[in-house]
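Undergrad: The lines below spell out each chain.
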Amino acid sequence: MKPVFNRILFGGDYNPNQWPQDIWQEDMQMFKKANINSATINVFSWAQIQPSEHVYDFSELDQIVEMLSKEDKDIVLATATGALPAWMFKKYPEVGRTDYQGRHHKFGQRHNACPNSLVYQKYAAAIAGKLAERYGDNPHVTCWHINNEYQGDCYCEQCEKAFRVWLKDKYQTIDALNKAWNMSFWGHTVYEWDEIVLPNALSEGISHDKTAFAGISIDYRRFSSDSLLENFKMERDAIRRFDPTTPVTTNLMGTFKGLDYFKWAKEMDIVSWDNYPAYNTPWSLVSMTHDLMRGLKQQPFMLMEQTPSQQNWQPYNSLKKPGQMRAQSYQTIAHGADTIQFFQLRRSIGACEKFHGAVIEHVGHEETRVFRETADLGKELTQLWEIMGTGNHGKTAIIFDWDNYWALEYTSGPTIDLTYVDQIHQYYRYFYDQNIPVDMVSVTADLTDYDLVIAPVLYMVKEGVAEQLTDFVETGGTLVTTYMSGIVDQSDNVHLGGYPGPLRQLAGIWVEEIDALAPEQTNQVQINERLKGSSRLVSDLIHLEGAEALAVYTSNFYAGMPAVTKHTYGKGTVFYFGTQLDQDAFDLLMTAVKETAAIEPIIAAQTAIEITRRQSESHDYYFLINFEAEAQPLPAYFVGKTDLLSGAILEKNQTLSQYTTYIIKEERHK
Amino acid sequence: MKPVFNRILFGGDYNPNQWPQDIWQEDMQMFKKANINSATINVFSWAQIQPSEHVYDFSELDQIVEMLSKEDKDIVLATATGALPAWMFKKYPEVGRTDYQGRHHKFGQRHNACPNSLVYQKYAAAIAGKLAERYGDNPHVTCWHINNEYQGDCYCEQCEKAFRVWLKDKYQTIDALNKAWNMSFWGHTVYEWDEIVLPNALSEGISHDKTAFAGISIDYRRFSSDSLLENFKMERDAIRRFDPTTPVTTNLMGTFKGLDYFKWAKEMDIVSWDNYPAYNTPWSLVSMTHDLMRGLKQQPFMLMEQTPSQQNWQPYNSLKKPGQMRAQSYQTIAHGADTIQFFQLRRSIGACEKFHGAVIEHVGHEETRVFRETADLGKELTQLWEIMGTGNHGKTAIIFDWDNYWALEYTSGPTIDLTYVDQIHQYYRYFYDQNIPVDMVSVTADLTDYDLVIAPVLYMVKEGVAEQLTDFVETGGTLVTTYMSGIVDQSDNVHLGGYPGPLRQLAGIWVEEIDALAPEQTNQVQINERLKGSSRLVSDLIHLEGAEALAVYTSNFYAGMPAVTKHTYGKGTVFYFGTQLDQDAFDLLMTAVKETAAIEPIIAAQTAIEITRRQSESHDYYFLINFEAEAQPLPAYFVGKTDLLSGAILEKNQTLSQYTTYIIKEERHK
Amino acid sequence: MKPVFNRILFGGDYNPNQWPQDIWQEDMQMFKKANINSATINVFSWAQIQPSEHVYDFSELDQIVEMLSKEDKDIVLATATGALPAWMFKKYPEVGRTDYQGRHHKFGQRHNACPNSLVYQKYAAAIAGKLAERYGDNPHVTCWHINNEYQGDCYCEQCEKAFRVWLKDKYQTIDALNKAWNMSFWGHTVYEWDEIVLPNALSEGISHDKTAFAGISIDYRRFSSDSLLENFKMERDAIRRFDPTTPVTTNLMGTFKGLDYFKWAKEMDIVSWDNYPAYNTPWSLVSMTHDLMRGLKQQPFMLMEQTPSQQNWQPYNSLKKPGQMRAQSYQTIAHGADTIQFFQLRRSIGACEKFHGAVIEHVGHEETRVFRETADLGKELTQLWEIMGTGNHGKTAIIFDWDNYWALEYTSGPTIDLTYVDQIHQYYRYFYDQNIPVDMVSVTADLTDYDLVIAPVLYMVKEGVAEQLTDFVETGGTLVTTYMSGIVDQSDNVHLGGYPGPLRQLAGIWVEEIDALAPEQTNQVQINERLKGSSRLVSDLIHLEGAEALAVYTSNFYAGMPAVTKHTYGKGTVFYFGTQLDQDAFDLLMTAVKETAAIEPIIAAQTAIEITRRQSESHDYYFLINFEAEAQPLPAYFVGKTDLLSGAILEKNQTLSQYTTYIIKEERHK
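Chains as they are written, first to last, in full-length UniProt numbering: chain A, 1 to 670; chain B, 1 to 670; chain C, 1 to 670.
Calculated directly from the structure, the hints in this document are not laboratory data.
A portion of the hints provided could be inaccurate.
Intra- or inter-copy, both count: the list cannot distinguish identical chains.
Cut-off 25 Å, straight-line C-alpha distance, at most; resulting in silico cross-link-like pairs (DSS-like, lysine-lysine) [claimed, not checked]:
1) 32 / 379
2) 652 / 257
3) 321 / 532
4) 130 / 91
5) 257 / 233
6) 168 / 90
7) 266 / 90
8) 161 / 91
Could you build all of it, start to finish, from the sequences and the hints given here?
TA: Structure, rendered in structure tokens:
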């Protein structure tokens, strides 16, 4: 596709308003040395721009925009609504949030606005409109950045009323709502809309993540996501009144649970996100999250934030090692990013993020390792414009679904150890290790281009989903699904008639019972003559109804029953994993899946190097990154080819030390 | 005694009101196949029966009662007051509770009524009365089930006022109250009743289980138990106005801390309870809890709830293995149950208990393991009518006392690791392993029929208790008591003059000091020439005052001092355990206790099989259950005898695999 | 110096008002037997003395004072304001506190007054004045004890208003405040003083110990400490109106985080404190805390509270072993105490401290180990009057600073494992093991008398501090500082220009980056050819700017960079520890430090015995205490000398078993 920007944005969050002006010129000089071509500004300036209810003051922002424009920077202009001004809290306390405990908050922190406060809405829309009116026709304003990392819930009375309206829209009648939430259970039947109260610690909430009535709590999650999305749309529309073309985004947070990002992405011109792995996050999980962010629109995305080296808010904020930031940046690009932006360009002098790394550290000069690595990367990126807009295409899709995320983790039973992202990642990890490209897709995605679809813990099967999966399999697709799938409908009411409900016929099995294994318990499983495995977490007790067993339990009272099954259905095949296998056993069976679907890795050879591919209409771009501590041999496929970054020709017997990255460009033979 | 019911009720919670009527006929057919003869209905139907303040609608309940009557089911009719209707919360917010944190709750969950709300009381009594008026003369209504699992505290203003009234009743004068609570400590003296506030997180509470002033907090526990008991009595009395005879119960929860069940049992016609062991609960603890529930009235009880297989609200909800539910049901009967009832007959479609097992699973048909096991058990039980009403009689009593439970766990010092139920269970476990029948009795129970009384951690010795124990020993009884006994009076004020206070003379010892051992610390103990043991938790520093030492410390600065003592007093004997011994040492000394009291096991031979006995006037019924994973040989005593369940004659060399259960009936030779 | 008291006060908290009068005479007799010469009274009697708003009743207190005076006891007279009367809560609910969660508390517990409540202030000052008026000229009233263990925060509206006044005093202008707190970060700029809200869970607080804006939270800590200090001063001044001379104190709590005790000590005539180590507290930490308490005024202090044996409020309340209380008491004296007082003289009968040890136990007579040990100690102490007023003098100072305590622990990054007291104790422990006397000093202390100053984690370098340290080094002093030093100014804003900011030139290094190590991670370090060490927690990446490397990293990407450095500056030397070394490596380098500063231990020989020294103008008093479980040989230096306590002459080959204590008096050769 045509890239959204004219160059790879390389820059990041920049807050000159937090500094005296004599620093600004130093900044400009250092940005030049660092090959920085972009700055994200105005993220937290509401209190400065609007010092009181009826006064706006853009004088300083004018200067900043002018300075950056003169320096030919691409400006990512934020709307500053991510934190409320203190005066607004004082004057209109209702702009603040009421938390899960029922406590109304006073001024402080950020992401602190009640999304349903009319006062907040009025002034957030106003400021977005004023900014667009003032700066929308500046050609250096390249992107609008609305708010910041939207997140958080509010349980105030305004939200309670808005929730009732939202419910009335959805259910139309109180009877429909009672049915959807199964309110006759525990005699919760409501007769009037205003008997409904928000599900927090004072009502249905058991803990922030557990609830007595999943129906209302899942709907609240949807409502909460929608409420913030309405805030986003309101600002976007205010901008569009003055600026019809500049792309609009907000920075997302990967697998953040609070918002249904697939729904959000539809309203965004381009996805952007903030990548903050911990010191011990598996690289496969980072990779999966990039793929998810790309998958939201199946388009290239912006890396809105990463740290040049250190974070501050994690328990242990290790430094990025030499080369690590570069490798991580290329991993990001490899998976679909068209920008590399940092939080932050200059380290703040005070408040809670002062230990967060920056391109310009507290020392204030460029003679630092971090600055040098940044500058080097910036220089390299100027050569990579051709990668912008290129796509990542796989034949394998993994379904990620926020409704399932919420519903699965709200369940009471069978085990507290089932967590959604971990379950999805288990499957992703296999493909990552094999260098098989994966698309992360929504549960309603068009599956026609895929050969293999993985739907782990597809607990909630909403209307139309089973039909679509059935079509996919009937026409030759291979589907993998697992324990805790097909259980409930959109309201968290069980699909009666035997698990996995609407997937039962497709999978050719009936799951009679679901055993839970405590952490100290395992089951034994026989895969084939050669391989015994073990399993944990849950164990489905499966009856074959057309499927065949690929693995059987050899322990527990259900020894002899199938643990993993395979079913031919139409022209396709369905694999069902009834338990969580140890990795060797799991990989063996996933290889059978892969072969059934005839899925190919990017290159045939086994390697511990991460290999990713972006594709233009004519060319393939291979990204080779070694994340292993040990040096890895160059796969034979790339011997003799030229690294786009260094210009070097890759040699036989060459090894890649940790964080070494090569990009190889190859014309595609169609 | 004459059984309360005409047959062993076999059934459980049934909520047809949560289902469309076409399911009802399926239910009736399946109940028949499952040999179900009883259903507990209307547990959570308040909102349906009383859809608004002035409207009652019994039409659906009429249909349900009629249907079940036609099917000749015994109906356990609940009063539906376990969860408030939403409209009542909206109209009268004061019906809800204020929690320990001081937060007033909104509509949600269950067990959510302020017990001292006049509105709640008015409508709860009204509905109970109306139900009795309408259904009380239906012969199929076999039992009234008031509310559900009474539990929970309220800290609202209504309760605060009620608490003051309760206190005035108890103490008469403010001086008496100040003295009882030792209010001069920290200058807490109150001069007016309305200076007293409820002890929660905003006042005396340190955490839910710790307090700055145990006096007020223990009284609050008593008040809270009494407040809910008043609710129970109020409904019971409303029923009695229309139905003078049908037995009234409510379902208790074993060793649940919140309510003084001995006090409650006095107001109940029959005890019923809900048995939900976790996957790793020791069977001896389950057994003890049954004995406690039987002990509340020293009469047979109802098993109101158990799951046919799986639970949902525990961390890890394992399946019951084949035969386990049957064995567990017979264990229940063996210890005194006259009914076997399940939660639930049909699995709910939604809300938080949808993963709780049921006789009819989500699949909806009878071809399930769980259904088959249920049906088989139902069939067997029809043959066991003769066991109903028979008693369990032991010569050993263990004292369980809710005042002690509360007081001991409120103490600040000497160690946080002292927990009441664990302490009681340690003693019970010995007798369980020996197949010695035990009665769990209240602290005011008549002890004349017992040879051995165990009073572990009898921390609070209320008025009359020491006298009664002294009588018991003087007339030849054997008493065991332990560290942390005899410390305080009913107000948690210390019995001055040396531990164990009023038990000092009886035990023939003076405990000068009480050492606390951290988890990593142990003491060494010498039992006799042969056996050295170790001890932990606490170590009393004991001086003999007439007693002899059975074990002495051999480590720490109190090496040489007694750890366990024996005292001849009157015609009896008192054993005192001054520390928590390892199991071998403990068992050795308990055997000395047993021999002193001449306590006999049910059969002489050692066996890992649980053997329990119920007795009619003429016959003994032996229950043999193997809970061990390994098969166990049949004790010789039972060779050649007939299993009442299978009719088979038990053979020599026969072994009982896990969960195998036999019942042997034998005429008693008086 | 001249001692504050005429004899070593030996006694403790005594609450006859909690007992019937017939007990009082028993008390008097037993105190005599226990050689008790002092009693602390009236600590929690407010409700008794002032039973209602306009009524005071001193009749009982008169009796108590008279009785104690007759017995010639030194009376430590408390003002009783540590817990509010219930009637005051009822009449003026605003006297109570609002907690960190924003919940306003009702009557209960203690230390429960809002420090900024005018009602509280009025009546607290009134009672202090009345007590002084009544008892101030009684010669037996030897000391005033204001309130009790001042502690805790309040977040009510009164405090919020007082906070704004405090801030206006400090910052004068709102611009200065915005700058100090770096309020442009996250757009927190305030325009009016009343936009400022207290930093709790409803505003800037992340958890009780973490905050989004350290600036406001540190100022709140200062304000909170000052608010309570104002309460103290208000009572003191009320006393001074009637009693101009009797020393005034309040009991402190060692390294308690909440109050800036150096600031408090300036207002106190003598420091007193409560020493409650846990069963596993290192003796070096106890020792350090004594030195800190002495350091507050660099004068002898009172041990206001210790337990004769057992505590009650710790998780595991072990008994003090025979001799342990004596040894611990002498350790206290050795480090500067002129009194030994117990909580408590008689064990309370009820409420939460009834399991706290006492001289008179619940048994009520003197035939207890604890009583005997107390009496023996009391007798010994009568011989030690000459030690009173003597000093402890060291050439080594360790800086302890509450601002640093608060600021360091509020930081977000680089690791959550940095805790202030542990860091200080690491350095103290080295000197303790070497029997080198240490003074714990404030960050503004006069350093001219010291040869060695240790400033661990001197994170916040306030105005003037760097200058003073520079003077100290320039004139020949040796300074040790560490990672996380020199980072911020008084407002928690970073000293820009490279870490360690104002200490950079002094240390001759630049710290480019600060790595954080997770608990499972270590770095390798080379000290010299012989010794390899390891390090953890944090690792500074150091560039030498004049300093030399004493240790270098040999692992991680910064292998080869310095880990510990030494810099000659002026006539002095600066050591910088850039990482937390294992103990062997640490001790080796600290020995180099010690030798550089020519610091001498009290005696040359290595010994595991704690040796401390107090000095009069003419004599040295050596305290030898063996805290090790194993007996330790007497150091040769003391052979032939006389133990002041027993009169015995110490012999060659003599060993000291655990808790053995000797005091040796020696004339000093000047």
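Undergrad: Find the hints from earlier in the document that the structure breaks and name them by number, from lowest to highest.
TA: 2, 7
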